[in-house]
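Residue strings, one per chain:
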Amino acid sequence: DSGVTQTPKHLITATGQRVTLRCSPRSGDLSVYWYQQSLDQGLQFLIQYYNGEERAKGNILERFSAQQFPDLHSELNLSSLELGDSALYFCASSVDPHNTEAFFGQGTRLTVV
Amino acid sequence: DQQVKQNSPSLSVQEGRISILNCDYTNSMFDYFLWYKKYPAEGPTFLISISSIKDKNEDGRFTVFLNKSAKHLSLHIVPSQPGDSAVYFCAASRQGNLIFGKGTKLSVKP
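Line by line, the protein sequences give chains E and A.
Just add 526 to wherever you are in the first sequence, counting from 1, and you've got my numbering.
Just add 207 to wherever you are in the second sequence, counting from 1, and you've got my numbering.
Here chain E stands alone, though its shape is the one from the complex (with noise of 0.2 Å):
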């Protein structure tokens, strides 16, 4: 167990629809991170959070978007979905805001139908 909470597991849902995905990082982690990894590719950043404020943006669609919270927790927000959008989301917590040793969660398989 990494202590970086995801939920919901699993999520289905139409094309045009939003969905929210919640991350918990570990107790003491500031910085948490977002990935999405599709079936033919890596695992692709999308955006990085440091104690509340945005810090680094990777791959991340315009229809997507994500904020942490002033618990630390954070959300990322997907709209307007596509069948494209079908992928495991992974989000990663580290204390510093380097990465040199981040965390990850179980991740949120989504698939638009």
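Hints listed in this document are in silico derivations from the structure and should not be mistaken for laboratory results.
Since we're looking at a predicted model, the values are computed, not measured.
Backbone N, C-alpha and C fix where the C-beta goes; we use that ideal spot for every residue, glycine too.
A hint or two may mislead.
Said to hold, decoys possible - Between beta-carbon pairs, the in silico distance windows are:
{"hint": "1", "chain 1": "A", "residue 1": "227", "chain 2": "E", "residue 2": "595", "range": "39 to 49 Å"}
{"hint": "2", "chain 1": "E", "residue 1": "536", "chain 2": "A", "residue 2": "252", "range": "17 to 27 Å"}
{"hint": "3", "chain 1": "E", "residue 1": "540", "chain 2": "A", "residue 2": "222", "range": "46 to 56 Å"}
{"hint": "4", "chain 1": "E", "residue 1": "543", "chain 2": "A", "residue 2": "227", "range": "39 to 49 Å"}
{"hint": "5", "chain 1": "E", "residue 1": "599", "chain 2": "A", "residue 2": "221", "range": "36 to 46 Å"}
{"hint": "6", "chain 1": "E", "residue 1": "595", "chain 2": "A", "residue 2": "209", "range": "28 to 38 Å"}
{"hint": "7", "chain 1": "A", "residue 1": "248", "chain 2": "E", "residue 2": "543", "range": "21 to 31 Å"}
With chain E fixed as given, assemble chain A onto it according to the hints.
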């Protein structure tokens, strides 16, 4: 453009022997390199990391070697055990942006 490459999609090794997983990168500005292990339906598990100012880091059966001039790193697992069978991801970090390779599937045969 893939900044972190793992050119071997799979590797098969006999139990007790050494497993060597390789990774190449293109960006000389990366400051940390990490290895993760992933089982199906689970999140990646951190294994070991190395700072760009070092050339070797060891933790039990796992050793990571960094060759900056060749922009190459490798993970050595000695001795390999059947429980090591998983997908191994190499990752490189720059200012918090962690970029992963596509992974190498290691199979350790009894």
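Going through the hints against the structure:
1. 227(A) with 595(E): 39 to 49 Å: holds, 43 Å
2. 536(E) with 252(A): 17 to 27 Å: holds, 21 Å
3. 540(E) with 222(A): 46 to 56 Å: About 47 Å separates the Cβ atoms of residue 540(E) and residue 222(A), which means 46 to 56 Å holds.
4. 543(E) with 227(A): 39 to 49 Å: holds, 45 Å
5. 599(E) with 221(A): 36 to 46 Å: holds, 45 Å
6. 595(E) with 209(A): 28 to 38 Å: holds, 34 Å
7. 248(A) with 543(E): 21 to 31 Å: holds, 24 Å
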